[in-house]
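Q: Below are the chains, spelled out letter by letter.
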Amino acid sequence: MKEAPKKFIFIIVASLLLPSFLIAGCGGGGLSDTVTESGSTTVQPVAEKLAEAFKAENPDATIIIQGGGSSVGIKSCNDDTVDIGASSRELKSDEPNLVKHLLARDGIAIITHPSNPVAGLTKEQVRDIFTGKIAKWSQVGGENKDIYVIAREEGSGTRTAFEEMVMGKELIKSDAILLPFNGAIIMAVSNTPQAIGFISFGYIKNSVETLAIDGVAATAENAKNGTYPIIRPLYFLTKNQPTGLVKDFIDFCLGPEGQSIVAAEGYIPVS
Amino acid sequence: MYRIVSRYFVDRNAKYLVLLCASTSFIILAAIAIFTLREGLPAFQQVGLFDFIFGTEWRPTLDKFGIAPMIVGSLAVTFGAMILAIPLGVGCAVLLAEVAPAKVRRFLRPAVELLVGIPSVVYGLVGILLVVPTIRQIAGTGYSVAAGALVLMAMVLPTVISISEDSIRAVPRIYKEGSLALGATHWQTIWHVMIPAARSGIVASIILGIGRAIGEAMAMIMVIGNAVQIPTSPLDSTRTLAGGIAVEIAYAGGLHENALFAIGVVLFILIMIINSFALIAMRRGRERT
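If you're matching them up, the sequences are chains A and B in order. Residues in the first sequence are numbered from 51 upward in steps of one, following my numbering. Residues in the second sequence are numbered from 108 upward in steps of one, following my numbering.
Treat the hints with care, since some could be wrong.
What the hints assert, rightly or not - DSS-like mimics (lysine-lysine), calculated; alpha carbons at most 25 Å apart, straight line:
(1) Lys255/A x Lys274/A
(2) Lys105/A x Lys150/A
(3) Lys195/A x Lys183/A
(4) Lys171/B x Lys219/A
(5) Lys150/A x Lys297/A
(6) Lys223/A x Lys171/B
(7) Lys274/A x Lys173/A
(8) Lys171/B x Lys183/A
(9) Lys219/A x Lys186/A
(10) Lys142/A x Lys171/B
(11) Lys195/A x Lys223/A
(12) Lys173/A x Lys183/A
Note that these hints are calculated values from the structure, not bench results.
Okay, chain B solo, but in the shape it has when bound (with noise of 0.2 Å):
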């Protein structure tokens, strides 16, 4: 009898013990969320939203907050990121997926998803010791929009990777089957029908990457040198929002606090696009098949 009870009370109060874990992180989220926008509101009225947002000067000790180099800063390193991560991301998602022997997919799958787990700090610190000084053989500093996307496409290259790899495997054997069976050699039904019926997850793989690419302060603003300016080249440096916030965090007060909490507003923003992009295109995957 008692165990029929106690079998019936967890039963019962586990979908409280499920609810009590969603609800914790919805308010967790919720409270980052008017946190950060109750203290960068200040900013927000006090510099005025056109100001902030399209300013060209970051100069906190005279009260200038603009944060346009920054954004561009931030889409700069993320573009320069993506260009080169998704033919590699891509390429590599190809071979994991048609063309390695299982033997060799053992081994690699595993070293890529090994990748994400590394701490962003020592991509930053890979990216001073190797790409800096390599980019300061080319021209100038070394610190620069280049080095920053490289760093950053080492970073997202796994993600791109997995999440590629994991919607060609979904492909439908029968596409592949039906392609072959009419003729097309393996890379023609790579190229032709693998990839295009794959496209929507490859596309949530980039997007997913963006999000992580334009998050990443710390390995950052080890690379890229903060200069706040909008750049003109790849070798020049400059700074992104999340980097921005954390250069500065530690020693803020008042106006110039409000302003990096305002960046923060500016992201928060920026990411919460990237990932409606990312669930649409991930739904749409999801119709097709």
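Chain A extracted, bound-state conformation (with noise of 0.2 Å):
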């Protein structure tokens, strides 16, 4: 009893000083051992591979990645909130003008069912597909049945890209299903016949079959010398010439080492 009041005070000060403690730990990005990254979901993976082959050989540094999507990979790379921002797309004309590290090319395939006949498409006839132009699986080659196109949600890096690269002006069409994450997408595929839809080249799994696009196979090595159409940038974004550790992990991604860890997770490294 005679304990209680301290108690009693003890946890008053403590629940109005904890809040402040979490504030001021979440403040600790400006250290110097220690890099933010955080943007594209496409980059996530190979960008969390690449920050640990780095601290590997660099024991005292600390490489926090973190998702969002390019749109917020860019605005907080502009705001300073991380040190390198990642976008899996060009930056608009709108956005903020970032010094951009390319880091990779990554290859956009167009998917389906692994039952669906129809083994290559044309780039207009993806478009016209995704517009709702060519609704039936019979129209391109295949079984007389409808097509069901599954997207990406808007804003989605790999959308942007597919939009810019085969859409153009044109809409994805507004009864179109959109899943927002590319484990969805494949999961949603693979376990639907008539479906098609598209996806980054790092997320290929078995369970679905990729087209060819204007006759050219979706794989790594046509991505790299070119031929394969649909093939989007990957880059790591800095504010201003990156410095000390900056600089350290990203000349570490682009070096050799890097690049080899980009290839071994499906992307098509830069040098």
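Put the complex together from the two separate chains, hints included.
A: Written out as structure tokens, the structure reads:
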């Protein structure tokens, strides 16, 4: 009983102080031995692997990799929330002018169910399917069944890149199924015989069939030699020319060791 | 002496502690409301309230922000879920309160309550692996209003069952005894006496269920396909308000982000209306007994 008031005061003081500790804990980004990265979820898995390898060589360094999407990466890099932003598309004209470091290239594969007899399409056919102009598989040499279009949600880097490279000014039809994760697209297409979708090369699985586009198979080689037509850049972004640990990390990623990790993850190395 | 002082100290200050707790939760609520409204306001101003709520086209990249399809989508899945959940839930509540022997009840009631604690992403996964493929056998992609309604039904059932059961149990014993004494059968008593007497509690459980259903995001994103269109059949894909926010918030910036917060405001108001209906229904119930 004697302890009661002290305990009581302690609880109040602790509950008042706790939030300020939490806030203070978030401000650690400015330390010189920490690099923070956020942005494209397409870049995220390979960036995590790169960070792991970099940390193995530099045990003192801390690299924090987050997702959020390309737009978030560009925004938070510009307002100094993170040291490095990641984007899986070109910067738009109304977006801030940041220093681009080409990390890799990524192909976007057009995927269907393995039971679908259609093996390839032209870029125009893909566009017409996604606008709804082509609605039956029989119109492109398949069975007489409806085509189910599955796409990513508005704002996704993969969708934006797909729109730029395939759709041009046309719009993806409004009754397309939209799913917010790469994994969800794979799952939907692999379970739906009449479905068509698009996905980054890094996410391709055996449960779906990739289509040849304009007669070129969706392989890393064809993407590297430039014949596969749907390729986009993956960038690391910095506000200014990088220095210190940020520069070391980016140099590591663009160097031979980093680029071999990029290739192992299914993306196309740049050097 | 010291002991007495310390006891008084605790006694005097305990009320400030609970006041602190109460005001904290109120401040959090107010902060969320103000923040959502402040972030959403630019969208209402630039798009226009009428065009925002009644517009049928949602193309953030072209600055077209009409949420009518999402409002209809939310209402459609919620309506579908409640049509299924009300008879099932009330029936189950009657079973638990009146029909089932104590042993069965002792097992069933905790099982029903456990359903409340299952995270919605698990309901969504079950929906993707079980409900969506089943509906695909009928027609379409399977990502549909029907799939959403079925998953939501499972999610609101525990709410409907447990509150309905409590309110049936709260019906005074003399009602039942009087009815039986007049020669009514057990079933007649349940149907003509118990359920009407518990009506307000059952209505409250339904309204709370609607509140839960309309705010559900994760499970809905996973099973309804998220196409921004007004559904014309239960097999069509659609998008809900809450799901619409969750699908796009990660990538949104500028006016698009404001528009998503504005959806939050609409949802906030919708749920506030539903909750006040629940409060009125429950108050009526209390006045009656």
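Q: Hints first: check each against the structure and report whether it holds.
A: We went through each hint and held it up to the structure:
1. Lys255/A x Lys274/A: holds (19 Å)
2. Lys105/A x Lys150/A: holds (23 Å)
3. Lys195/A x Lys183/A: holds (15 Å)
4. Lys171/B x Lys219/A: Roughly 16 Å between the alpha carbons, so the hint for Lys171/B and Lys219/A holds.
5. Lys150/A x Lys297/A: With Cα atoms ~13 Å apart, Lys150/A and Lys297/A stay inside 25 Å; holds.
6. Lys223/A x Lys171/B: holds (15 Å)
7. Lys274/A x Lys173/A: holds (19 Å)
8. Lys171/B x Lys183/A: holds (22 Å)
9. Lys219/A x Lys186/A: With a Cα-Cα distance of about 23 Å, the restraint between Lys219/A and Lys186/A holds, given a limit of 25 Å.
10. Lys142/A x Lys171/B: holds (19 Å)
11. Lys195/A x Lys223/A: The hint holds at about 18 Å.
12. Lys173/A x Lys183/A: holds (14 Å)
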